[in-house]
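Visitor: Sequence:
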Amino acid sequence: MGLETKPLSTLHGKSSYDVADFPVPTGREEEWRFTPLRRLRDLHKGAEGGGEVDVVIEAAPEVKVERVGRDDPRLGGAYAPTDRVSAQAYSSFTEATVLTVPKEAVASQPTVLRITGRDAAQAAYGHTTVVVEPFAQATVVLAHTGSATYADNVEFVVGDGAKLSVISVQDWADDAVHLSHQHARLGRDASFTGFAVSLGGDLLRIAPSVAYTAPGGDAELYGVYFVDAGQHIEHRLLVDHAVPHCRSRVDYRGALQGQDAHAVWIGDVIIRAEGEGTDTYELNRNLVLTDGTRVDSVPNLEILTGEVVGAGHASASGRLDDEHLFYLQARGISKEDARRMVVLGFLGQLVERIEVPEIREKVQAAIEAELER
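Take the position in the sequence shown, starting the count at 1, then add 233; the result is the number in my numbering.
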């Protein structure tokens, strides 16, 4: 597979399956300027594989599960890598997971993929493709734990009239490095909800993206993250409105505490000339809990047509509101409990949207554990 060409856009570069089409990043490139390359363990330089992650799948009865080789024609059909690490991951995996939800089937329970790293000393690469056939419905959970140096691509192919919800949880061990592209391609009147929860790991760089192939597509992207001392957690989103009358909503919220905690959020939305009738809005909010943290929040909106329903973005980062804390303390609540209540309320508005009770409760417990630190 060779280089793909796209209509001109300042927010969307070239796409290719060939690692050679992407030079080794130096950190001066716009797409890499916030990422500490020295901490990637050479994933950006083509680190040799050899590491392993265990993939255990708990599938709904209606969902077909396959482990396939690189020659399976369903792999790479919905997404072409847009950076060197993603291309390296595509060229380096040996076996992929394919999940298929048959036409008109409604999955009776979530399908859970548990990806567990064994060792961070060697790089590991992975690939997952989820196909939701027309008018089917499903929920998929990607649960990441353990120690790893891991790069992967995940494709979500959502057919006409189908509905897919995805919850991706990054709860790695403290030494883990994870770079992941997670791309959804939506058919006519398809619906996609993606929820990213990023908690553990030394360095995370998660890149969700959405593309529409026919009118009526609807995408909602949510994210919750908690960044501790020394952690780097980066989310880079792209929503590409290239067909008429589609909708997207983005809402990411994070909290940071500890020296050198670093959160990066890049939200790119393109409305191409063909995207008349687009309705889109993106939002990122960050709550700074201590000194010594850093937040980089960059919403980008590129509009190439004047015929839109709505298009907007917002970004805000700040400390705990002293008035909120004073209000609670004046009613007999300790400062520590007041702080906890404000943070849980801030993040909880999104956590409540997680539709799988088990995952929702684990995320709530993890956030509370972070605050206890």
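Simulated from the structure, these hints should not be mistaken for lab results. It should be emphasised that the depicted structure is a prediction, and the values quoted were computed from it without experimental measurement. Glycine included, every Cβ here is placed at the ideal spot set by N, Cα and C. Check the hints yourself; a few may be wrong.
No farther apart than 30 Å at their CA atoms in a straight line, the calculated lysine-lysine pairs in the DSSO-like style are these [stated by the list, open to error]:
no. : residue 1 : residue 2
1   : Lys336    : Lys247
2   : Lys595    : Lys396
3   : Lys247    : Lys396
4   : Lys278    : Lys247
5   : Lys396    : Lys297
6   : Lys595    : Lys278
7   : Lys247    : Lys297
Listed next, with one range per pair, are the computed distances between beta-carbon atoms [unchecked claim]:
no. : residue 1 : residue 2 : range
8   : Ala447    : Met574    : 40 to 50 Å
9   : Glu299    : Ala549    : 40 to 50 Å
10  : Asn533    : Arg586    : 22 to 32 Å
Visitor: Run every hint past the structure and note whether it holds.
Guide: Going through the hints against the structure:
Proximity of Lys336 to Lys247 is assessed by CA-CA distance (about 33 Å); at most 30 Å being required, the pair is judged violated. Restraint check for Lys595 and Lys396: the C-alpha separation of about 25 Å stays at or below 30 Å, so the hint holds. At roughly 29 Å between alpha-carbon atoms, Lys247 and Lys396 fall within 30 Å of each other, so this suggested pair holds. At roughly 18 Å between alpha-carbon atoms, Lys278 and Lys247 fall within 30 Å of each other, so this suggested pair holds.
A distance of roughly 17 Å separates the Cα atoms of Lys396 and Lys297; the hinted pair therefore holds under the 30 Å criterion. Restraint check: the Cα-Cα separation between Lys595 and Lys278 comes to about 35 Å, which exceeds 30 Å; the hinted pair is violated. Between Lys247 and Lys297 the alpha-carbon distance is near 33 Å, which puts this suggested pair outside the 30 Å criterion. In this structure, Ala447 and Met574 meet the distance hint of 40 to 50 Å, their C-beta atoms being roughly 45 Å apart.
Taking 40 to 50 Å as the suggested C-beta distance range, the pair Glu299 and Ala549 conforms, at roughly 44 Å. For the pair Asn533 and Arg586, the supplied restraint of 22 to 32 Å holds, since their beta-carbon distance comes to about 24 Å.
The structure fails hints 1, 6 and 7 (numbered hints given earlier, in ascending order).
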